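Listed here are the chains, written in short residue letters.
2 protein chains.
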Amino acid sequence: MATIKDIANRLGVSVSTVSKGLNGASDISEELRQMVLDTAVEMGYSTKRSKKEENRKLCILIENMDYESIDEFGYDLVLGFKQNAFRHNWDVDIIPVTSSLQAEEKYDTFLLKNGYCGAFLMGFALHDEWMQQLANTTMPSVLLDNYISDNPNVCYIGTDSYEGISMAVRHLHKLGHKKIAFLNGSLYSMVSDHRQEAFEMAMESEGLTTSEDLMAYGYYVSDSAQYHVPGFLSAGATAILCGNDLIAKGVINECTARGFRVPEDISVIGFDDIPLAAALTPPLTTIRQERNELGKCAYIILNSLVHHISISKTLLRPKLIERESTTRVSKRTSNH
Amino acid sequence: MATIKDIANRLGVSVSTVSKGLNGASDISEELRQMVLDTAVEMGYSTKRSKKEENRKLCILIENMDYESIDEFGYDLVLGFKQNAFRHNWDVDIIPVTSSLQAEEKYDTFLLKNGYCGAFLMGFALHDEWMQQLANTTMPSVLLDNYISDNPNVCYIGTDSYEGISMAVRHLHKLGHKKIAFLNGSLYSMVSDHRQEAFEMAMESEGLTTSEDLMAYGYYVSDSAQYHVPGFLSAGATAILCGNDLIAKGVINECTARGFRVPEDISVIGFDDIPLAAALTPPLTTIRQERNELGKCAYIILNSLVHHISISKTLLRPKLIERESTTRVSKRTSNH
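Quick mapping for you: the protein sequence lines, in order, are chains S and B. All residue numbers for the first sequence refer to this note's numbering, where the first residue is 122 and numbers rise by one. All residue numbers for the second sequence refer to this note's numbering, where the first residue is 122 and numbers rise by one.
Just so you know, these hints were derived from the structure itself, not from any lab. These numbers come from a predicted model, not from an experiment. Keep in mind that a hint or two might mislead.
The list treats identical chains as interchangeable, and a pair is accepted whether it falls inside one copy or across any two copies.
Below, simulated SDA-like cross-link-like pairs (lysine to any residue); rule was C-alpha separation at most 25 Å, straight line [stated by the list, open to error]: (1) K434 x S313; (2) K299 x R154; (3) K299 x T259; (4) K300 x L233; (5) K141 x T160; (6) K203 x E445; (7) K227 x R409.
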């Protein structure tokens, strides 16, 4: 675990400056203090809390989502949440959740027993036991990418899929693409549903037609590509929009293996902008989810729920990140 | 993003002149100052958030909405916003906005010139000039009950109309009502559109049928009732759901004047829960918007936008407030 000295070394400041930052002393600037706190969280430093603050604890519950390495989708979400929470003197525990833990203990019981004032849930699926229990929970709960109706203690947070997919479709259309295929993520996921609806709406509003042989659900992994790309290519797709960057990686590989060059013969666009995206060959054009901001925002919302402001839904803006996997449609491809 | 130096180069003046223009110094002409501001806006310059507390100013811009008396819809919104903002050392100015002010000065120019870091806009209509300009504003802006797509500096905040209307319909259905009429607010309002769609969805999901003679748009005022209530009554409505509490007040009066007792013969339900609702005869069952929380939340979101967290949409939960204007459907009425 990082010490004050480690933090000081990393920032190139003195140990006493770091110490002041961590203790909220008034004779350092607010900016420096936040930098110290952010770095402390990032390096895994944890303070000893005074007795009275002992009960200010939140948790991040994670299922089916990788977050431990900086390359993974959940990493920046966790970091952003902790950075903001730490700044407001909350302790945060990260708890990987299994089905057996959910079967063993009710959601509310688990939180209460462990002294948590609220939770941020990432990666849960609709059929999970704790998800079912969220309909009636009395614990402030922020839920990534899922919506629970009618319970004032639960808020849905995510990136606006409608705006993201619409950006992607407009970007491709502007490059001359008309036969745009969509390889979505898993069925039975709210986010996939939104993206599917968003794709059909965006195509229609651009005056483009969709067809069954240019749309498919897969899973949010690269392997999905092999089952659907051949069909898209023979149906004449000139561009493939993917449910996330991992799918896009698989799509690029699959196209390349079949002698289609990306982007000269076929444009590919992802969703998320995880670090992998920029490192692909070619670097991936994608719709960025600002995961650090999303994590920060999840904290802000959870803190609001704790203070009885019943927010039901908060969406962040996506961003189009243009790299090299999309280009103007080629004459050859668009006619084949 | 443009710097002070870019602006100086474009105008062929010194950096210090631009700086004076932006800071409102008195030793440059008003014309030059206006030119500096207009150019700054045009080039996408946005104020550096000064560390000096004196520049920490936000504004609430209000059009077409009453807020000065505690009875009025906007009062608690303004209060909640100011409460949260003051707690975080922001100054807040309340500015009633007219069409002529909007014609006189561009939105961004107005904010920059007056040193505001961001604005909360209440009561604006889609056709307002400043609303049009929000599509491209570089100023952090939170907008009550209206949505601007694709601009990361603007966030929509409101109460979830879908959940609110659905609560109302379920409440009435549980009381045995099937012929439920809906007197909506004004056409050409995003909120009215949502409530209309929500009503049709909720009726369908309750297995109830809607019909043209039981739905109408009016205006968000009591007078609306007289034009539509007679038709609803003769079409056999046993309950009337209203776009807001003012409409509900008119509906109760109109029903009473025609010899229908509320709630014995006809149930009436409002939306908003302004103080008037509890004071009506009978006290009005309504869907509450937590306006103080909405104001507090508007501040939280605006502060997030100022710190470059691009939230696009935040919705609060409505609450069903059961009073005496709704009751179990009577045999007599339901058969007539």
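Results for each hint:
no.	hint	verdict
1	K434 x S313	both (17 Å within a copy, 19 Å between copies)
2	K299 x R154	neither (51 Å within a copy, 48 Å between copies)
3	K299 x T259	neither (49 Å within a copy, 33 Å between copies)
4	K300 x L233	neither (53 Å within a copy, 45 Å between copies)
5	K141 x T160	within (14 Å within a copy, 37 Å between copies)
6	K203 x E445	neither (34 Å within a copy, 47 Å between copies)
7	K227 x R409	neither (35 Å within a copy, 31 Å between copies)
Consistency note: the structure conflicts with the earlier hints numbered 2, 3, 4, 6 and 7.
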